[in-house]
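Protein chains: 2
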Amino acid sequence: MFGKLYLIPVDLGHPSFEALFPTLNREITSTLTHFVVENQKSARRSLKLIFPEIKQGELSLLTLDKNTSELDLNPALDWLKSGKNVGVVSEAGVPSIADPGSLMVKLAHAQNIEVIPLIGPCSIFLALSASGLSGQSFVFHGYIPIDKAEKTRFIKEMEKATGRNQAQIFMETPYRNNQMLEDLLSVCKEDTLLCIACDLTLPNQYIKTQTIGKWKKLKTEDLHKRPCIFILGN
Amino acid sequence: MFGKLYLIPVDLGHPSFEALFPTLNREITSTLTHFVVENQKSARRSLKLIFPEIKQGELSLLTLDKNTSELDLNPALDWLKSGKNVGVVSEAGVPSIADPGSLMVKLAHAQNIEVIPLIGPCSIFLALSASGLSGQSFVFHGYIPIDKAEKTRFIKEMEKATGRNQAQIFMETPYRNNQMLEDLLSVCKEDTLLCIACDLTLPNQYIKTQTIGKWKKLKTEDLHKRPCIFILGN
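Note that the protein sequences, when read in sequence, are chains A and B.
Position one of the first sequence corresponds to residue 1 (the working numbering), numbered consecutively onward.
Position one of the second sequence corresponds to residue 1 (the working numbering), numbered consecutively onward.
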């Protein structure tokens, strides 16, 4: 009998188990000793938040980041095939969504191993639901081009797609957030809606949707180095 | 001082608070008496699951469904402006995502009212994270065309987009799920990956990703009338 692969969401920075996770996550995590993680140090910290009594010395952790190959994950497949349940943990939020994890999940499906996603915070979905923009049809682009001309073209294409009532979700490296906002304000039309969702689940959480025209008039928050989701809509 | 607009996720069918929601959701819901809801009967049931001691007779519920106009929501804006906190509740999962709610959120932003999304189950994100398909770039299309020729064209376009490593997420009216699967099997290429995620969070949850070629060979689950998310990837 194969083990099961659990996808374990972790916090987005603010350390409160009660605010972020169902009790079931603690019950399941307390039974696991084998994990595939994006970063070993932060995974240990996150797992301790979920289950404080976890015995760190008894954990087996295998790293899965952007440099990991299928072959590197063989030990985790062996754990699953020997009947052990395995947890997947990324640096923040839900594994596989704007984060590593999907390679492990893909390999598990190919071996008919059951995959069970647990419930927890995901910045993209929190931002979308709180944006007031279309959740009936939407795209997540991840990071958009850095090159000035390409970025401008990409922003214009996204803006055009909002006319089909499709929300356009994207991110930026946090130290370039203020520049991204400037670019959006200079490229987009006055009546296009922009949602900025910043520091989600943290005490200084900031979620605001308004037209580009109004963003230009407002003294905006300083977004520098704050994890941020941008959404364009109409 | 304006009230706050809380987005309150509800269950996807299986009635277990501990499996689905952080304790914080109960604490917040217990303080609310005013709600904007997709369906009054199911909202009352869902709220009782989250906070069993809720006093149903003291609740003020305003309906927000696909027929609701901005004007219809004026009473809820008045509640917020008078300082009352208001909860938004849809039939299943997270408000505003493949469900009503975003109109209320949009109006709140326009009035500078704070919007706070709570954490809970969302079938689209659970399916995507557990699919093994790309969570770095993805589209949610909602319902795709019903007309045979249009549907075929749409499926082929989605399949083409998977080549850019962009997962394609969509739904079907549950009584047409088996037909949708047949269409996908007849239109898509043998090596395209298809994830079927069905009855999420329920005891008979079924999440499986494999190639179209393998789906053809496998005796598949009966998907009839089971809530289902389809994802194409590569």
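Hints are not guaranteed to be accurate.
[To be verified] The calculated label-pair distances, taken between Cβ atoms and stated as ranges, are:
(1) B:S60 to A:E190: 45 to 55 Å
(2) A:S186 to B:E53: 45 to 55 Å
(3) B:E182 to A:T173: 27 to 37 Å
(4) B:E182 to A:E58: 44 to 54 Å
[As the list claims (entries may be wrong)] Calculated pairs, BS3-like style, for lysine-lysine (alpha carbon to alpha carbon, straight line, at most 30 Å):
(5) A:K66 to B:K160
(6) A:K4 to B:K148
(7) A:K160 to B:K148
(8) B:K217 to A:K4
(9) A:K208 to B:K4
(10) A:K156 to B:K160
(11) A:K4 to B:K214
(12) A:K219 to B:K189
(13) B:K84 to A:K208
(14) B:K219 to A:K216
(15) B:K66 to A:K208
(16) A:K84 to B:K214
(17) B:K208 to A:K217
(18) A:K217 to B:K4
(19) A:K208 to A:K189
(20) B:K217 to A:K81
(21) B:K4 to A:K219
(22) B:K160 to A:K84
(23) B:K160 to A:K214
(24) B:K217 to A:K214
(25) A:K189 to B:K66
(26) A:K151 to B:K160
(27) B:K81 to A:K217
(28) A:K66 to B:K214
(29) B:K148 to A:K81
(30) B:K156 to A:K216
(31) B:K66 to A:K66
(32) B:K217 to A:K160
(33) B:K4 to A:K225
(34) B:K156 to A:K4
(35) B:K156 to B:K225
(36) B:K208 to A:K81
(37) B:K148 to A:K214
(38) A:K160 to B:K66
(39) A:K156 to B:K4
(40) A:K160 to B:K160
If you're looking for bench data, these hints aren't it; they were derived computationally from the structure.
Predicted model, so just to flag it, every value in this text is computed and none were measured.
We put the CB at the ideal spot given by N, CA and C, even for glycine.
Holds or violated: are the alpha carbons of K208 of chain A and K4 of chain B at most 30 Å from each other? Measuring from Cα to Cα gives roughly 13 Å; hence the hint holds.
Hinted pair, alpha-carbon criterion (30 Å max): K217 of chain B, K214 of chain A. Please report holds or violated. With a Cα-Cα distance of about 56 Å, the restraint between K217 of chain B and K214 of chain A is violated, given a limit of 30 Å.
Are K217 of chain B and K4 of chain A close enough, with their CA atoms no more than 30 Å apart? 24 Å, holds
With the threshold set at 30 Å, check whether the alpha-carbon distance from K156 of chain A to K4 of chain B stays at or below it. Since the Cα atoms of K156 of chain A and K4 of chain B sit roughly 33 Å apart, the hinted pair is violated (cutoff 30 Å).
CA of K156 of chain B to CA of K225 of chain B, is that 30 Å or under? Roughly 25 Å between the alpha carbons, so the hint for K156 of chain B and K225 of chain B holds.
K219 of chain A and K189 of chain B were given as a pair; does the straight-line alpha-carbon distance stay at or below 30 Å? 52 Å, violated
Between K160 of chain A and K66 of chain B, does the CA-CA distance stay at or below 30 Å? 24 Å, holds
Would you mind confirming whether the straight-line C-alpha gap from K160 of chain B to K214 of chain A stays at or under 30 Å? Distance of about 38 Å is beyond 30 Å: violated.
Starting from K84 of chain B, check that the Cα of K208 of chain A is at most 30 Å away, please. Measuring from Cα to Cα gives roughly 20 Å; hence the hint holds.
Mind checking the hinted window 27 to 37 Å against the Cβ distance between E182 of chain B and T173 of chain A? 44 Å, violated
Given the hint of 45 to 55 Å, is the C-beta distance from S186 of chain A to E53 of chain B inside that range or not? 53 Å, holds
Is K148 of chain B within 30 Å of K81 of chain A, Cα to Cα? This hinted pair is violated, its Cα atoms lying about 42 Å apart.
In this structure, the earlier hints numbered 1, 3, 6, 12, 14, 17, 22, 23, 24, 29, 30, 31, 32, 34, 37, 39 are contradicted, and the remaining ones agree with it.
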